[in-house]
Amino acid sequence: MAEWCCGSDVPVKLLYACSGAANTGYLADNAARRLTKLGIGKMTCLAAMGGGFSGFVESAKAVEGNLVIDGCSKACGKKIFENLDIPFKHFVMTDFGVEKGKTDITSELIAKTTFALAEKIADE
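For the sequence shown, the working numbering assigns the number 150 to the initial residue and increments by one for each residue that follows.
Don't read these hints as lab results, they were simulated from the structure.
Bear in mind that the values here come from a model prediction, so they are computed numbers and not experimental data.
Errors might be hidden in some of the hints.
What the hints assert, rightly or not - Beta-carbon label-pair distances, calculated as ranges:
1. Gly200 to Lys238: 20 to 26 Å
2. Asp253 to Cys225: 20 to 26 Å
3. Ser256 to Ala170: 15 to 21 Å
4. Ala224 to Thr252: 30 to 36 Å
5. Asp253 to Phe202: 30 to 36 Å
6. Ala170 to Lys261: 18 to 24 Å
7. Asp234 to Lys261: 29 to 35 Å
8. Ala170 to Asp244: 18 to 24 Å
We put the CB at the ideal spot given by N, CA and C, even for glycine.
Kindly produce the complete structure, drawing on both the sequences and the hints.
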């Protein structure tokens with residue numbers, strides 16, 4: 150395995166989450182953090198990918214899978230990965246019944262969405 154920016158082996162999957170100002174970005178970020186705690190992947194910086202920082206881009210190219218979790222249909226994360234021409238799996242919080250700017254993001258919703266994401270990832 151290739152070396153990752155922190156000096157350890159690259160994890161099998163990297164998680165990139167929208168952390169935008171909307172409720173959907175908040176949900177995406179929290180779900181990615183919980184997926185990391187569950188060992189499904191390792192969360193890393195979507196903004197650094199957008200900035201084209203070579204260490205992050207090279208890590209994304211070296212892993213078995215990149216999981217991009219966008220908050221809404223603007224799909225900023227998806228566009229970043231498409232522009233970099235790096236393969237990825239894409240998930241959007243609004244596809245899980247969350248309305249941008251309307252749905253209250255509770256700990257229960259975060260847990261429910263994290264579980265649903267984990268199932269979708271396992272099915273991929």
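Each hint tested on the structure:
Under the hint 20 to 26 Å, the C-beta atoms of Gly200 and Lys238, about 22 Å apart, fit the expected range. Asp253 and Cys225 have their C-beta atoms about 23 Å apart, which keeps the hinted 20 to 26 Å range intact. One distance hint, 15 to 21 Å for the beta-carbon pair Ser256 and Ala170, holds here, with the actual separation near 20 Å. About 18 Å separates the C-beta atoms of Ala224 and Thr252, a value inconsistent with the hinted range of 30 to 36 Å.
Judged by the Cβ atoms, the range 30 to 36 Å given for Asp253 and Phe202 holds: they are separated by roughly 35 Å. Taking the beta carbon of each, Ala170 and Lys261 are about 22 Å apart, inside 18 to 24 Å as hinted. Distance hint check for Asp234 and Lys261: the Cβ-Cβ separation is about 34 Å, which falls inside the suggested range of 29 to 35 Å. Restraint check, Ala170 to Asp244: a C-beta distance of roughly 20 Å satisfies the suggested window 18 to 24 Å.
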